[in-house]
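**Q** Take a look at the letters that make up each chain.
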Amino acid sequence: MTPPLLTVEGVSKSFGPVVALQDVSFSIAGGEVVGLVGENGAGKSTLMKILGGVITPSAGRVLIDGREVHFASARHAMNAGIAFVHQELNSFPNLSVAANILMGREPRKGPFGIFVDEGASEALVLPLLRKLRADFAPSTPVQDLSIAQRQLVEIARALSFDARLVIMDEPTSSLTLRESKRLLEIVGELREAGVSVVFITHRLNEIVEIADRVVVLRDGQLAGTLEKREINPQAMISRMIGRTLQTLYLPPAISGGEEGLGLSGLRTTTFPGEAITLSVRKGEILGLAGLIGAGRSELARAIFGIDPLPAGEVRIDGRTVLVASPAQAIAAGVALIPEDRKQSALLLDESISENIALNNWEKFSRNGLVDADRLHLHARDQIAAFDVHAGGPGTHLAVLSGGNQQKVILGKWLPRNPVVLICDEPTRGVDVGARHDIYRRLRAAADGGAAVLLISSDMEEVLGVSDRIAVMHEGRIAGMLARKDFSEHNVLQLAVGRDSHREHTE
Amino acid sequence: MTSHKKDIGLLILIMLVGTVVALINPLFLSPINLANTANLIGLFGIFAIGQAIVIITGGIDLSVGSVIALLGVVMVDLLAGVGMPWPLVLLLIPVFGAVIGGLHGLLIVKLKIQPFIVTLCGLLIYRGAARFFTADATAGFGFGQSFPAVEWLTVGRSFGVPHSFVALLLIGAVMWLVLHRTVFGRYLFAVGKNEEAARYSGINTGAVVISAYVLCGILTAISAIFFAMYTRSISPSSHGSFYELYAIAAAVLGGFSLRGGEGSMIGVILGAVLLQVLQNLVNLLGIPSSLNFAVMGAVILFGVLVDSQLARFRPMMASFRKVP
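Just so you know, the sequences run in chain order A and B.
Start counting at 1 in the first sequence, then tack on 1201, and there's your number in the working numbering.
Start counting at 1 in the second sequence, then tack on 14, and there's your number in the working numbering.
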């Protein structure tokens, strides 16, 4: 019996104390299309990065044709016949299609082979483009192509390496329905040509349509494999969920408050085709669940005035407000704890005082001069109030743990008593103890009269902390869940777009 | 491709400015004025090409003017003071330029210092070195000293065309091939646009970047030779001052992005042409020469503004065209 094309044996990967993958084993035969599914953070990307040679496993073996391989770089993996079609395409938009496909391996001519042989390039690339039925020429600059066309360029690049296994990470997430269909056809054609494909997607119907087998990951572990006849969305969902959930719920002190944040017909630039209508009451924590890329952070950024709002109305505290900039949003009473703490919320090389004062300088200055004493006292109070483990107000943010950094951010915003508090993944990279602290702060803010919108990809968190959950799917609110209907199953059903209102037909 | 459109736009702008100047002052088209302008275009164009190569990688070289001063005084000394045979001098100066460029490249690639900082320090160091070398005196050839061969090569003319201009055309043609036809040129564009992806494609990005600075150093040295022979006397505190900015301006006018990865050889040469035509305009139209820089700045700003606004509207136009 010939060994399978690729075998993964007991592969584990840890990043510091965090275990991303644990003892995962499976194999892929030649010409097989394997669907890889799992919730956010289940370990799909880590696994694929290991196969693509981007990272190395902490334990376990990867075998190709029964022989163990060690990939030192993406280049190694490519030479071994594994090609990675990235979600974010790594291309050179300033160069032509042919140049992108052959980057680093250009056919040469002339003395010492210094010149690019354009004729030979075209002859190499054209059959690949024909095979993919691409509607553009090898000489077209990539910047003139659509996302779907750029994806074809990446696939052509994979084929040009004679790839035997093509890994596609969310290839259809930014494609239109027709383009997605075309891509699935191409996957089918690759299979017929004997090329294996690993297809990662949140769109379960695509898996049903194309996959010969499904591998399900959950919490970094293999949660099961499904053979062709067993593949259906219910079977996949039931294997994706099944974690034991802790109760984190702290009931609200008040109920039935007035509307704090209201959105009517709101559209974002990312999903201009979807109008969002949503209402968050004062005193309530509304969880906003969904898969990565569902448009939740984009919604938060639009409400906070960072991204432009193409259409729709934002009501804060019952009044319609214009949020064309974060300054206007803050003036209207909105606070945003952003997703990327280090990038968007903190001055890492500055002290706690500087960070806390950043949105509040009018309070800590007199006639334009910094009132250092008042700032120092205020910062000390916030450090005590939010239980930040730090030397003092002068401690730099860079030396604090993720949890303490997040508490400083809370200490920066909550004293302003915001009407609307939007938290985007507030506990990402935060340890368990500090998490519970942060949940208590959010509840306290809600009890103090704030409308809290909690964006979270952590199922435990969103189910445990929210009073209600809105689930987003591809830019729209796919459904609303009341506390009695909370379950991982219900959230996931909505998150993958299997709601009753609009059954997907693709 | 879009860069062709930019080149054509720039050519139209040059012709427009030229026509206006010629209509107001017919002297513009006189053989003497054209030859003088061509000479200046040659002098400034050669090192602008070097700068452009560096800018494509997303870098910058601020030391150009000081290098022209330093290599200028060194050359005069080797030729007139040391009495070295002229072919050796003409070979040695570009080697010095290559060494300087190589040092810049090494500091940037191996020690990861930003190009702006490395070459800013270069600007100060070489200027100081040039002034120290001559004890702040003007360097020049002694009375009666002449080097007919070098002079013919650098400031001579064939059929009325200054040799500096001929040199620009030759160098421009070679560099056009390098940039737009060789594998190395491909890598320059790739590194400038997405260095990480280039590295992941198996390209030795460090070597590409260093080569760009070496090329810039060599071309700057060649124009230093032309400048030294053209001015014949070099006052090291002012010779070549601000020239790096002419080069950057020429590249920007020629459609180069300071973020890297964009630009064409024809563009930077046309940029150098436009700058000299503007200089000429200031002289011929009787505009106070104190306004020289202001006119240039305004025209560059105008050109870049038009280009960026057109770039904004281009996708919109394209989408209109697609509608049946």
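Misleading hints may appear alongside valid ones.
To be verified - Cut-off 30 angstroms, straight-line C-alpha distance, at most; resulting in silico cross-link-like pairs (DSSO-like, lysine-lysine):
1) A/K1310 to A/K1332
2) A/K1543 to B/K126
3) A/K1332 to A/K1564
4) B/K19 to A/K1543
5) A/K1310 to B/K126
6) A/K1332 to A/K1250
7) A/K1310 to A/K1382
8) A/K1429 to A/K1564
9) B/K124 to A/K1250
10) B/K19 to A/K1250
Everything labelled a hint here was simulated from the structure, so no lab data went into it.
**Q** Give a verdict on every hint.
**A** Tested hints:
{"no.": "1", "hint": "A/K1310 to A/K1332", "verdict": "holds (27 angstroms)"}
{"no.": "2", "hint": "A/K1543 to B/K126", "verdict": "holds (23 angstroms)"}
{"no.": "3", "hint": "A/K1332 to A/K1564", "verdict": "violated (65 angstroms)"}
{"no.": "4", "hint": "B/K19 to A/K1543", "verdict": "violated (42 angstroms)"}
{"no.": "5", "hint": "A/K1310 to B/K126", "verdict": "violated (34 angstroms)"}
{"no.": "6", "hint": "A/K1332 to A/K1250", "verdict": "holds (27 angstroms)"}
{"no.": "7", "hint": "A/K1310 to A/K1382", "verdict": "violated (40 angstroms)"}
{"no.": "8", "hint": "A/K1429 to A/K1564", "verdict": "violated (64 angstroms)"}
{"no.": "9", "hint": "B/K124 to A/K1250", "verdict": "holds (28 angstroms)"}
{"no.": "10", "hint": "B/K19 to A/K1250", "verdict": "violated (41 angstroms)"}
Hints 3, 4, 5, 7, 8, 10 from the earlier list are contradicted by this structure; the remaining hints agree with it.
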